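Novice: Sequence:
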Amino acid sequence: YPMMKQQQQQQQSPSQDDQAPFQTPIHHPHPVHPHFTGYDINSTSDESTNICAIFLTALSLLLVLVTFPFSLFLCIKVVQEYERVVIFRLGRLLKGGARGPGIFFIIPCIDTYCKVDLRTVSFDVPPQEILSRDSVTVAVDAVVYYRISNATIAVANVENYGRSTRLLAATTLRNVLGTKNLSEILSEREIISHIMQASLDEATEPWGVKVERVEIKDVRLPVQLQRAMAAEAEAAREARAKVIAAEGEQKASKALRSAAEVISMSPQAIQLRYLQTLNSIAAEKNSTIVFPLPLELFSCFGARAMQMQGGSNPNQQQLQYQEQQRPLQQQQQQQQQHQHQQVAVGPSGQSPEGPRLVIEGDM
Numbered sequence: 001y002p003m004m005k006q007q008q009q010q011q012q013s014p015s016q017d018d019q020a021p022f023q024t025p026i027h028h029p030h031p032v033h034p035h036f037t038g039y040d041i042n043s044t045s046d047e048s049t050n051i052c053a054i055f056l057t058a059l060s061l062l063l064v065l066v067t068f069p070f071s072l073f074l075c076i077k078v079v080q081e082y083e084r085v086v087i088f089r090l091g092r093l094l095k096g097g098a099r100g101p102g103i104f105f106i107i108p109c110i111d112t113y114c115k116v117d118l119r120t121v122s123f124d125v126p127p128q129e130i131l132s133r134d135s136v137t138v139a140v141d142a143v144v145y146y147r148i149s150n151a152t153i154a155v156a157n158v159e160n161y162g163r164s165t166r167l168l169a170a171t172t173l174r175n176v177l178g179t180k181n182l183s184e185i186l187s188e189r190e191i192i193s194h195i196m197q198a199s200l201d202e203a204t205e206p207w208g209v210k211v212e213r214v215e216i217k218d219v220r221l222p223v224q225l226q227r228a229m230a231a232e233a234e235a236a237r238e239a240r241a242k243v244i245a246a247e248g249e250q251k252a253s254k255a256l257r258s259a260a261e262v263i264s265m266s267p268q269a270i271q272l273r274y275l276q277t278l279n280s281i282a283a284e285k286n287s288t289i290v291f292p293l294p295l296e297l298f299s300c301f302g303a304r305a306m307q308m309q310g311g312s313n314p315n316q317q318q319l320q321y322q323e324q325q326r327p328l329q330q331q332q333q334q335q336q337q338h339q340h341q342q343v344a345v346g347p348s349g350q351s352p353e354g355p356r357l358v359i360e361g362d363m
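Under UniProt numbering, residues 1 to 363 are what the sequence shown spells out, in order.
Calculated from the structure, these hints are not laboratory results.
Every value quoted in this text rests on a predicted model; they were computed, and no experiment measured them.
We treat Cβ as the ideally placed atom computed from N, Cα and C, and that holds for glycine.
Wrong hints could be hidden among the right ones.
Mimicking DSS-like on lysine-lysine, the simulated pairs with C-alpha atoms at most 30 Å apart in a straight line are [unchecked claim]: (1) K95 to K77; (2) K242 to K115; (3) K180 to K217; (4) K115 to K77; (5) K115 to K95; (6) K180 to K95; (7) K254 to K242; (8) K180 to K210; (9) K77 to K210.
Label-pair restraints from in silico Cβ distances [what the hints assert, rightly or not]: (10) R240 to A260: 27 to 33 Å; (11) F123 to T67: 41 to 47 Å; (12) P126 to L74: 38 to 44 Å; (13) Q80 to I191: 23 to 29 Å; (14) T112 to L62: 18 to 24 Å; (15) L225 to N160: 37 to 43 Å; (16) S266 to R227: 41 to 47 Å.
Input sequences plus hints: build the corresponding full structure.
Specialist: Shown next as structure tokens:
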């Protein structure tokens, strides 16, 4: 009967969830990371002060006192400036977090510790065979720089934070580059590095690891693709060279046209140009035979050209041209006599007079 009455009272009384639908959350002075699965450093005192722990602690302290001062070599430890120490007592994380730098004390037999290096560490990501978005297979390798931001979490949340970070970097590299085209992989390395750094930093935050930098080292293409790209680049360079050469010839032709127009307006300039040509021929030591031609032959050609260009009397134009050439003929004859000593003479022994016809051949 008392048991039946107690069951009826339990059925009539509201449940615990109905009595307190809203519960006040417990705020810890030092909140624990949401991914932390190890020992809670803010746990209540009754979890760490059980009878067995007190007994073992007292026994260890007694052993230290008995073996003093030799026990100091086991109790006193030194941590460098770039290191931190995470201490476990009887398998539980000791309150207060990581120790260091400097001197810290441990109790032999019940305390164990783990040193963590806070300096920046770099490692190479092995070359990854990646299929890009445009179906091109490339081999890409990278280098990652990281450091430990929280020694306690790095020891308690992951077994080997270094190896885990390396594996995660390799998979992240494949995932990021798999969404890019080949042109983007080759030209946007800095953007890809920033994307990888942000992705790795977010993934390694629960491990107490801070990824500082990611760099793409090398992108290796297949041999056939390298040859095709080299041929394409060479064709583009040749096309640019042809365009530049054509532009240069166009500018040179304009300059020559302007010079020809200026020279054609002055017969004296034509004669000087002719003499310069003779000097250049005489300076060269080659098998050249120079045959003299009369100057009047070119005068006839010039008169005929003027007759074809203009509609005036051809005889009058020829007379004007001869009058213009007469004062230069005497000067030309004197200069030809001087040039005759430098220009090679043919087997017939004829002296050069007036304009010369040049025939090149073996002597």
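Novice: All the hints need checking, so say for each whether the structure fits it.
Specialist: Results for each hint:
| no. | hint | result |
| --- | --- | --- |
| 1 | K95 to K77 | 18 Å, holds |
| 2 | K242 to K115 | 67 Å, violated |
| 3 | K180 to K217 | 17 Å, holds |
| 4 | K115 to K77 | 11 Å, holds |
| 5 | K115 to K95 | 16 Å, holds |
| 6 | K180 to K95 | 48 Å, violated |
| 7 | K254 to K242 | 18 Å, holds |
| 8 | K180 to K210 | 26 Å, holds |
| 9 | K77 to K210 | 27 Å, holds |
| 10 | R240 to A260: 27 to 33 Å | 30 Å, holds |
| 11 | F123 to T67: 41 to 47 Å | 43 Å, holds |
| 12 | P126 to L74: 38 to 44 Å | 42 Å, holds |
| 13 | Q80 to I191: 23 to 29 Å | 38 Å, violated |
| 14 | T112 to L62: 18 to 24 Å | 20 Å, holds |
| 15 | L225 to N160: 37 to 43 Å | 38 Å, holds |
| 16 | S266 to R227: 41 to 47 Å | 59 Å, violated |
This entry does not satisfy hints 2, 6, 13, 16, going by the numbered hints stated previously.
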